[in-house]
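Under my numbering, the residues of the sequence shown are numbered 3 to 319, in order.
The reader is advised that the hints may include incorrect statements.
[As the list claims (entries may be wrong)] Per label pair, the in silico range of CB-to-CB distance:
1. Arg318 to Lys19: 57 to 63 Å
2. Ala213 to Asn69: 36 to 42 Å
3. Lys19 to Asn69: 23 to 29 Å
4. Lys188 to His244: 35 to 41 Å
5. Ala239 to Glu176: 45 to 51 Å
6. Gly124 to Glu220: 26 to 32 Å
7. Ala201 to Ala239: 23 to 29 Å
8. Val159 to Thr251: 37 to 43 Å
9. Gly44 to Val301: 49 to 55 Å
10. Gly122 to Lys19: 29 to 35 Å
11. Asp303 to Asp238: 18 to 24 Å
12. Ala173 to Asp224: 15 to 21 Å
13. Phe298 to Asp224: 20 to 26 Å
[Stated by the list, open to error] Below are the DSS-like pairs computed for lysine-lysine, each with C-alpha atoms no more than 25 Å apart in a straight line:
14. Lys48 to Lys86
15. Lys188 to Lys100
16. Lys86 to Lys221
17. Lys100 to Lys221
18. Lys19 to Lys240
Note that these hints are calculated values from the structure, not bench results. Built from N, CA and C at the ideal position, the CB exists for glycine as well.
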Amino acid sequence: MSEILVLVEHVDGEIKKVTLELLTLARTLGEPSAVWAGPGYGDAAKAKLAEYGADKIYVADSDEVVNYVVAPKAELLARLVADKSPAAVLVASTVEGKEVAGRLAVKTDSGVITDAVGLGEGFVADQSIFGGGVNVRSRVTKGTPIVAVRPNSTAPVAAAGAGAEEKVEVAPSEAARAAKIVERVKEEKGARPELTEAAIVVSGGRGVGSAENFAIIEKLADSLGAAVGASRAATDAKWYPHQFQVGQTGKTVSPQLYIAAGISGAIQHRAGMQTSKTIIVVNKDPEAPIFEIADFGVVGDLFQVVPQLTEEIEKRK
């Protein structure tokens with residue numbers, strides 16, 4: 003089977019869930035090879051990558067990779083593409099991942115696909131466009147296929163790989179050193195799980211009514227050990243921070259359980275959560291579009307339903 007390169011997403015040595023998704027997807031099409039860029043690599047990282055199917059791990063753990071803005075990662079991947087002739091390169095369809103993909107495509111004279119939600123034989127990608135209203139299939143016709151896959155598009159499944167290490171020396175070009183990172187500010191993590199990696203997400207929308215009322219959503223989320231999300235209407239109204247927006251212009255989530263309270267279900271929002279395994283909806287409007295994709299729906303006032311649900315959950319702890 004052909005080798006497929008997977009760029010590892012990690013923070014302080016902790017591998018992000020999307021990498022495990024990419025390895026799982028790569029296993030269906032070839033032999034996954036993880037590409038580790040930057041410091042933090044160790045035995046725990048090696049074990050995790052091998053657990054999810056990495057047959058090889060290319061390790062470029064130099065600070066030089068992360069001291070400059072994305073360009074060194076693109077150069078690293080371009081070098082591996084030239085040396086290893088992989089069948090494809092998979093990256094996460096994040097802001098940084100898409101920039102790396104674009105730069106890599108230019109360097110290798112290859113085609114690139116972004117925001118893929120699936121990948122099949124022949125590296126034909128499924129994409130959801132126009133806010134989830136249209137599904138299309140695309141494939142690269144030139145060079146090495148470079149595909150940026152949306153987080154939460156594939157359920158990560160463990161399957162042991164060899165995890166053979168190969169060190170890669172990094173020497174960024176002068177062009178790659180043109181934009182240097184001079185400061186990093188670490189965002190303080192709260193007690194709740196990260197939105198894009200949470201198994202349970204509780205989101206509030208226009209029906210919540212105010213920033214103060216989001217306390218009801220937060221309380222339910224905390225009782226479930228869940229992340230909190232919000233619709234675009236809620237974030238535009240400044241009821242909840244924009245980084246928690248779920249939707250086409252926000253974050254894509256695909257948890258085991260998604261609870262939507264006071265969200266009508268516009269296409270913009272549905273594009274970011276419709277792949278959730280189980281969807282529960284609370285809305286007083288029985289004609290709300292979100293009921294169309296709900297597994298369970300409650301037609302009622304969220305200010306009555308949500309506190310009762312929270313109370314029942316607390317009783318069972």
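Hints versus structure:
1. Separated by about 27 Å at the C-beta atoms, Arg318 and Lys19 break the suggested range of 57 to 63 Å.
2. For Ala213 and Asn69, the hinted distance range of 36 to 42 Å is satisfied, since their beta carbons lie about 39 Å from each other.
3. The supplied range of 23 to 29 Å is met by Lys19 and Asn69, whose beta-carbon atoms lie about 26 Å from each other.
4. About 19 Å separates the C-beta atoms of Lys188 and His244, a value inconsistent with the hinted range of 35 to 41 Å.
5. Between Ala239 and Glu176 the Cβ separation comes to about 47 Å, which falls inside the hinted range of 45 to 51 Å.
6. Restraint check, Gly124 to Glu220: a C-beta distance of roughly 45 Å breaks the suggested window 26 to 32 Å.
7. Roughly 28 Å separates the CB atoms of Ala201 and Ala239, a value that falls within the hinted 23 to 29 Å.
8. For the hinted restraint 37 to 43 Å between Val159 and Thr251, the CB-CB distance of approximately 30 Å leaves it violated.
9. Distance hint for Gly44 and Val301: a CB-CB separation of about 52 Å, consistent with the stated range 49 to 55 Å.
10. Checking the proposed 29 to 35 Å range against Gly122 and Lys19 shows it is violated: the Cβ atoms sit about 22 Å from each other.
11. Asp303 and Asp238 have their C-beta atoms about 23 Å apart, which keeps the hinted 18 to 24 Å range intact.
12. Distance hint check for Ala173 and Asp224: the Cβ-Cβ separation is about 48 Å, which falls outside the suggested range of 15 to 21 Å.
13. For Phe298 and Asp224, the hinted distance range of 20 to 26 Å is satisfied, since their beta carbons lie about 21 Å from each other.
14. The suggested pairing of Lys48 with Lys86 holds, with an alpha-carbon distance near 20 Å, which does not exceed 25 Å.
15. Of the supplied pair hints, the one linking Lys188 and Lys100 holds, its CA atoms being roughly 22 Å apart against a limit of 25 Å.
16. The straight-line distance between the Cα atoms of Lys86 and Lys221 is roughly 51 Å, outside the 25 Å bound, and the hint therefore fails.
17. Restraint check: the Cα-Cα separation between Lys100 and Lys221 comes to about 35 Å, which exceeds 25 Å; the hinted pair is violated.
18. Note on Lys19 and Lys240: the hinted pairing is violated, with a Cα-Cα distance of about 29 Å set against a maximum of 25 Å.
The structure shown violates the earlier hints numbered 1, 4, 6, 8, 10, 12, 16, 17 and 18.
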